[in-house]
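Asks: Just need the whole structure built from these sequences, with the hints factored in.
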Amino acid sequence: MNVFPPVAALALLAATGLAQAADAHLPRDLAATCANCHGTNGKAVPGAGLDALNGMEKAKTLQKLADFKSGVKPASIMHQIVKGYTDEQLDLIATYFAAQK
Amino acid sequence: MMLMTRRDFLKAGTAAGALASVHGCAGMGKASGHVVVVGGGYGGATVAKYLRLWSEGGVQVTLIERQTVFISCPMSNLVIGGTRTMDDLTVSYDGLKNTWGVRLIQDDVLAVDPAKRRLRLAKGGDLSYDRVVLSPGIDFMWNEIPGLDNAAAQASILHAWKAGPQTVALRQQLEDMKNGGVYVLSIPRAPYRCPPGPYERACLVADYFKHSKPKSKVIILDANEDVVSKKGLFTKAWSDLYTNIIDYRPNSEVRDVDARSKTAVLEFDKVKADVLNVVPPQRAGDVAAQSGIKLLNDRWVEINWLSMESTSTPGVHVLGDAIFPAPTMPKSGHIANQHGKLAAAAILKLLAGDAPNPTPVLMNTCYSFVDARNAIHIAAVYQYDAATRSVQPVPGAGGVSAARNESEGKIAVGWAKNIWADMLV
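Keeping their order, the protein sequence lines are chains X and D. Counting from 1, position 91 in the first sequence corresponds to residue 90 in numbering that gives the first Met the number 0; the numbering is continuous, with no gaps. Counting from 1, position 63 in the second sequence corresponds to residue 62 in numbering that gives the first Met the number 0; the numbering is continuous, with no gaps.
One or more of the hints may lead you astray.
With a Cα cut of at most 30 Å, we get these calculated DSS-like pairs of lysine-lysine [to be verified]: (1) D/161 with D/216; (2) D/348 with X/57; (3) D/230 with X/68; (4) D/230 with D/261; (5) D/416 with X/72; (6) X/57 with X/68; (7) D/348 with X/82; (8) X/42 with D/96; (9) X/57 with D/29; (10) D/161 with D/293; (11) D/261 with D/216; (12) X/82 with D/230; (13) D/269 with D/212; (14) D/29 with X/100; (15) X/72 with X/100; (16) D/271 with D/261; (17) X/63 with D/416; (18) D/269 with D/209; (19) D/409 with D/212; (20) X/100 with D/416; (21) X/100 with D/348; (22) D/230 with D/409; (23) X/72 with D/409; (24) X/82 with D/235; (25) D/348 with D/293; (26) D/96 with D/416; (27) D/235 with X/68; (28) D/235 with D/416.
Rather than coming from a laboratory, the hints here were simulated on the basis of the structure.
Replies: Encoded structure:
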């Protein structure tokens with residue numbers, strides 16, 4: 000009987016991807032870690048010199064983050080911060096901000 | 000202060016119990032109930048706003064704060080350096096009240112009874128809650144510096160480590176000091192609130208002396224064996240900008256003071272000052288100890304990193320400087336704001352009968368000015384680690400500025416405007 004491999008794979012999925020996907024608020028919670036500098040839900044204070052992220056196209060945000068990570072885009076601090084998040088987390092964050100008005 | 004016995008507390012509670020409404024935990028994944036937040040600083044204001052924002056008004060929030068306005072500790076060294084005013088640090092609580100529907104009570108909390116889920120206010124009356132969040136900041140361990148353990152000494156030897164009247168008073172002492180005077184700043188052993196803060200203060204006072212009282216000196220008496228934060232950047236600023244002004248002395252713990260002569264007493268030495276600024280050793284704010292929470296080393300609150308809930312006392316969440324930190328995590332306003340969001344998300348889950356997010360993330364950024372315009376930063380990102388049941392700094396992420404620069408001086412001001420809005424507007 001070939002029962003164990005699929006069960007093990009399922010258990011692994013449940014422990015990682017599925018567990019995260021089950022929390023509908025995870026994108027919101029992750030995006031909130033950006034709000035100190037970029038404003039609640041990405042609405043930065045106008046004129047304070049920090050980028051607003053609300054309503055930004057997801058692909059654009061992800062490209063910007065990837066460029067910070069690779070060093071293509073020069074930064075004072077974002078190149079250090081972006082490395083603390085997984086690509087999956089950055090995807091959730093970019094998706095969340097794209098949906099904010 | 001009067002110590003309340005449990006019986007007194009319960010007796011009073013029965014009388015005033017009708018005051019507080021009772022909310023059950025609704026099912027269907029929707030949070031409801033009453034959360035009381037004690038302390039309206041970086042942690043408390045944030046959790047209050049985000050509980051209202053994320054519950055879409057479904058959870059009632061009461062914030063108890065002794066001050067009438069928020070005054071920021073970050074940026075307050077610029078007031079001491081003379082380039083900003085208290086108005087620049089001050090934000091109203093009206094946004095929390097009017098925009099977010101947080102009920103504000105200007106008062107102090109005498110004690111919390113976690114078993115009864117009820118707390119007692121100094122001006123009278125009790126409040127009941129479903130969950131309570133303590134964000135009390137720090138209080139000082141005066142007994143560690145016997146000569147400072149009285150009100151008269153504390154009125155002349157300032158800490159200015161809580162922004163407010165002491166910030167203004169320290170600035171005044173520096174303005175009143177003669178050209179050629181000596182400013183002595185003592186730093187306690189880590190952990191203390193705002194690790195880079197004392198070194199920033201030394202820079203900004205030195206910058207003031209350089210321009211206005213050039214014969215004056217800054218002596219830093221550091222109880223630690225080395226600069227605790229942003230070492231390379233601070234020491235470079237001292238040698239580039241303040242070479243004949245700042246005298247840094249590591250392993251120099253202040254054991255006592257002679258308040259009358261403004262003298263700091265070390266183990267083998269005495270240092271006389273014209274302005275003596277002692278940042279005393281610190282512990283969790285008083286209300287933590289008055290809430291039946293077990294303190295680690297009699298100082299800090301151990302919390303569960305999935306919920307910011309006290310490990311010793313269910314139903315009591317603790318944020319900010321008062322907690323025993325995760326590895327490398329500083330006691331900063333920025334991280335307290337992040338604690339507030341983690342707690343808000345977790346409390347809403349718990350009130351709805353669900354488990355908190357099993358993979359929380361926190362991040363920290365601290366800017367420090369080395370003169371009126373140039374700043375430096377330190378940053379870190381923390382991810383939850385199930386093996387250690389703590390958040391851990393992500394290796395390879397975070398870091399410090401390459402060099403001091405004016406651009407980050409502007410970003411630091413923008414940071415302040417944004418984080419204050421994130422908490423209070």
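Asks: Run every hint past the structure and note whether it holds.
Replies: Cross-check of the supplied hints:
1. D/161 with D/216: 24 Å, holds
2. D/348 with X/57: 28 Å, holds
3. D/230 with X/68: Holds, because 25 Å separates the two Cα atoms, which is no more than 30 Å.
4. D/230 with D/261: Satisfied, since the Cα-Cα distance of roughly 28 Å is no more than 30 Å.
5. D/416 with X/72: 25 Å, holds
6. X/57 with X/68: Measuring from Cα to Cα gives roughly 16 Å; hence the hint holds.
7. D/348 with X/82: 28 Å, holds
8. X/42 with D/96: 20 Å, holds
9. X/57 with D/29: Holds, because 29 Å separates the two Cα atoms, which is no more than 30 Å.
10. D/161 with D/293: Roughly 24 Å separates the two Cα atoms, so the pair holds.
11. D/261 with D/216: Roughly 15 Å separates the two Cα atoms, so the pair holds.
12. X/82 with D/230: 23 Å, holds
13. D/269 with D/212: Holds. Residue 269 of chain D to residue 212 of chain D sits at ~24 Å (cutoff 30 Å).
14. D/29 with X/100: 24 Å, holds
15. X/72 with X/100: With a Cα-Cα distance of about 26 Å, the restraint between residue 72 of chain X and residue 100 of chain X holds, given a limit of 30 Å.
16. D/271 with D/261: It holds: about 6 Å lies between the C-alpha atoms, which stays within 30 Å.
17. X/63 with D/416: Holds: residue 63 of chain X and residue 416 of chain D sit about 24 Å apart, inside 30 Å.
18. D/269 with D/209: This hinted pair holds, its Cα atoms lying about 25 Å apart.
19. D/409 with D/212: 26 Å, holds
20. X/100 with D/416: With a Cα-Cα distance of about 21 Å, the restraint between residue 100 of chain X and residue 416 of chain D holds, given a limit of 30 Å.
21. X/100 with D/348: Holds, because 25 Å separates the two Cα atoms, which is no more than 30 Å.
22. D/230 with D/409: 22 Å, holds
23. X/72 with D/409: 20 Å, holds
24. X/82 with D/235: 27 Å, holds
25. D/348 with D/293: It holds: about 25 Å lies between the C-alpha atoms, which stays within 30 Å.
26. D/96 with D/416: 19 Å, holds
27. D/235 with X/68: 28 Å, holds
28. D/235 with D/416: Holds, because 28 Å separates the two Cα atoms, which is no more than 30 Å.
Violated hints are absent here; each numbered hint is respected by the structure.
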